[in-house]
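*Asks:* From first to last, the protein sequence lines stand for chains S and U.
No gaps in the numbering here: position 137 of the first sequence is 136 in numbering that gives the first Met the number 0, and each next residue is one more.
No gaps in the numbering here: position 133 of the second sequence is 132 in numbering that gives the first Met the number 0, and each next residue is one more.
Any given hint could turn out to be false.
[Claimed, not checked] Okay, derived cross-link-like pairs now, DSSO-like style, lysine-lysine, Cα gap no bigger than 27 Å in a straight line:
{"no.": "1", "chain 1": "U", "residue 1": "Lys80", "chain 2": "U", "residue 2": "Lys54"}
{"no.": "2", "chain 1": "U", "residue 1": "Lys108", "chain 2": "U", "residue 2": "Lys54"}
{"no.": "3", "chain 1": "U", "residue 1": "Lys108", "chain 2": "S", "residue 2": "Lys410"}
{"no.": "4", "chain 1": "U", "residue 1": "Lys16", "chain 2": "U", "residue 2": "Lys54"}
{"no.": "5", "chain 1": "U", "residue 1": "Lys108", "chain 2": "U", "residue 2": "Lys80"}
{"no.": "6", "chain 1": "S", "residue 1": "Lys410", "chain 2": "U", "residue 2": "Lys16"}
[Stated by the list, open to error] Pairwise CB distance ranges (calculated):
{"no.": "7", "chain 1": "U", "residue 1": "Glu86", "chain 2": "S", "residue 2": "Pro31", "range": "42 to 48 Å"}
{"no.": "8", "chain 1": "U", "residue 1": "Asn2", "chain 2": "S", "residue 2": "Ile264", "range": "52 to 58 Å"}
{"no.": "9", "chain 1": "U", "residue 1": "Lys16", "chain 2": "S", "residue 2": "Val151", "range": "54 to 60 Å"}
{"no.": "10", "chain 1": "U", "residue 1": "Asp117", "chain 2": "S", "residue 2": "Gln144", "range": "42 to 48 Å"}
{"no.": "11", "chain 1": "S", "residue 1": "Pro190", "chain 2": "U", "residue 2": "Asn2", "range": "43 to 49 Å"}
Bear in mind the hints are in silico, worked out from the structure with no lab data behind them.
Note that CB positions come from ideal geometry on N, CA and C, so glycine has one too.
Here are the chains, one letter per residue:
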Amino acid sequence: MSAAMTLPPTALDVTAVRAQFPILQRTIHGKPLVYLDNAASVQKPQAVIDAISGCYQQYYANVHRGVHALSEQSTAAYEGARETVRQFLNAASTQEIIFTRGTTEAINLVAASFARPRLQPDDEIVISAIEHHSNIVPWQMVCQQTGAKLRVIPVLDNGELDQQAFVELLNERTRLLGLIHVSNALGTVNPVQPMIAQAHARGIPVLLDGAQAAPHFSLDVQALDCDFYAFSGHKTYGPSGIGVLYGKAEWLNAMPPWQGGGDMIRSVTFEHTEYAPLPYKFEAGTPHIAGAIGLAAALDWMCSTGIQAIADHEQDLLEYATAQFRQIPGVRIIGQAAEKSGVLSFLIDGVHPHDIATVFDQSGVAIRAGHHCAQPVMERFGVPATARASVAAYNTREDIDTLVSAVYHVKELFG
Amino acid sequence: MDNLRDLYQEVILDHNKRPRNFRMLESCTHRADGHNPLCGDRVTVFVEVDDAVIKAVTFQGQGCAISTASASLMTTMLTGKTVAEAERLFGQFYDLVTGHSQPSSAMGKLAVLAGVRDYPSRVKCATLAWHAVQAALHNQTEPVVTE
Ligand SMILES: Cc1ncc(COP(=O)(O)O)c(C=O)c1O
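Isolated chain U, as found in the complex:
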């Protein structure tokens, strides 16, 4: 069961059980929906941007442990970052969960999701909220669908 513990680390189980910033954000300037038809995960992200800085990120939705924990961790990581930094972080995170890079200190807690690289079908769960944030920041109105 060691493999499973690599995927479902304590931090992930904790964020799944008690997701952070799990609410609507009245003051949001951007929002977008994401949908993963494979497992039925649905997420809505709310972002408040002021002068190219992310003041707050929240999310709501329903999903597997990987997508919920990833969304929760994402909200804690993005708060206070500039939009450009957020995009860079998504790139690094994507490389991490697809096995194209090793965890680095810049990624902080996001590194706990590195185990996803051994489960190709779960990469979409881990990146769903990130895709939705990106769509929100680009004012995309169509829901993001990962499949």
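With the rest of the complex left out, here is chain S:
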């Protein structure tokens, strides 16, 4: 009673949220599921499951081509999804919203179509030391193709980027800044706004990898003034296989298409093809129709649940978990940035993260163990891997308590 009264009025009703996620009814090895692998992928609310099956059950057809009723309804739903994404990002126009398979494909699109044609030998791309592989490898490939160089902003021991070194890295050869908005391995929230301003002051365009930010933050790409923003549907309560690239229209218009085929053309002869306008120029072939519709339902779900309320709740869980982990002897938290979101990466003395995850699983606790697709981060912190617990809207303080007792159980077993 008293606990409920101290909650702010906009607080999340976690019980009501949990009731919307059918998978939370499951037991794992006879224990209630405690799903704390949300940074890898998030579970889906009933509204998203219904939107996807509703599409297939009621109005599914290919988009943009048919003149029959189903195709018109499908097209309306698919384009409606684009408008939902536009609102979610506060982009200026739906022309700037391109559906992709996910963050990875979005970044590859920019690498292939924006960076590759522009880069000269000895030009530079700046990324950070805490990028996910998907914001490293595409740039390395472009560097190999063009002779450009990759420069890396170092990370401090607490998991924050070295801002001094960042400023010094920018120079007249820098052609692009590619930056992770929120780190999936450490939880660090990067100060993207001032970093974008610094890059822009030198005329350098900026791509943000928002895979771990979109699930937690209210986003406004116009206020951020980023040039490109990428995120994945499966981490924002939507389906996998769908994601988004936002790009400023002026850039997208100047970029060549990156895949050719149907849907991205205006007219085709054997001599000449005229490309479709934005955003279709970048959406060759039949898209993931139900995926886009599911994504829109997910973003609607986040908005109606309250993005700020979700974020506050997750922050409470993260702080609650961090405070308890700090009390446990032999437990080390990797990533102690002042501003963190969603992720608790940790080690238990003398126990490999993979063993931690296996023991946790027997208690019904799902976490990730490994390098989190960020091997350079692991190397920087001198560990082969970490265990990572990551929270979402439906997690509770009880989940964190179960997590903490699972840590004690590991220590006992391997003690």
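Given the coordinates of chain S, work out where chain U with the ligand should sit on it, guided by the hints.
*Replies:* Showing chain U with the ligand alone in chain S's frame:
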């Protein structure tokens, strides 16, 4: 927690904490590296073979309890075996941890790793050092990667 005790038996926990033959072997005639990218396990095995008999096996590296204990147990089992016997034992061990056979007396202490069969993602941890020894014996120079 009974399932866990099947996987993490006392012998495994002991070999994880105090791995046997955990050192470089100056006199080795064969060596190979193994890497399990899934969990970041890395192992280097050193083998001294004389007249088709394994005189000594040691290992170094960093890994989860299953891979460390398995490597440690392996070194104790292989010492004194012929190369042909070692290969046969690997076959039997592989069948055991993938659930294709039951523990037999020929396997000795290796039988404690039978619990791995209930954890398919851990089979690679249990077999990493064995794959590396096999690569060493076949003079393979590329590191073994299990994934
Ligand atoms: C920060 C970050 N960037 C990129 C990705 C890649 O996303 P996807 O696999 O959905 O393309 C992930 C997902 O793991 C991530 O956490």
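*Asks:* Against each hint, give a clear statement of whether it holds in the structure.
*Replies:* Structure-based check of all given hints:
Taken as a hint, the Lys80 (chain U) and Lys54 (chain U) pair is honoured in the structure, with Cα atoms around 8 Å apart against an allowance of 27 Å. In summary, the hint linking Lys108 (chain U) to Lys54 (chain U) is supported, as the alpha carbons are separated by about 19 Å, within the 27 Å threshold. At most 27 Å may separate the alpha-carbon atoms for a hinted pair to count; Lys108 (chain U) and Lys410 (chain S) meet this at roughly 25 Å. At roughly 25 Å between alpha-carbon atoms, Lys16 (chain U) and Lys54 (chain U) fall within 27 Å of each other, so this suggested pair holds.
The hinted pair formed by Lys108 (chain U) and Lys80 (chain U) meets the criterion: a straight-line CA distance of about 15 Å does not exceed 27 Å. With a CA separation close to 13 Å, the supplied pair Lys410 (chain S) and Lys16 (chain U) stays within the 27 Å bound. A hinted range of 42 to 48 Å holds for the C-beta pair Glu86 (chain U) and Pro31 (chain S), which are about 46 Å apart. For Asn2 (chain U) and Ile264 (chain S), the hinted distance range of 52 to 58 Å is satisfied, since their beta carbons lie about 57 Å from each other.
Checking the proposed 54 to 60 Å range against Lys16 (chain U) and Val151 (chain S) shows it is violated: the Cβ atoms sit about 37 Å from each other. A C-beta distance of roughly 46 Å is found between Asp117 (chain U) and Gln144 (chain S), which places it inside the suggested range of 42 to 48 Å. With their beta carbons about 45 Å apart, Pro190 (chain S) and Asn2 (chain U) fall inside the hinted range of 43 to 49 Å.
Going down the numbered hints, you'll see the structure goes against just number 9.
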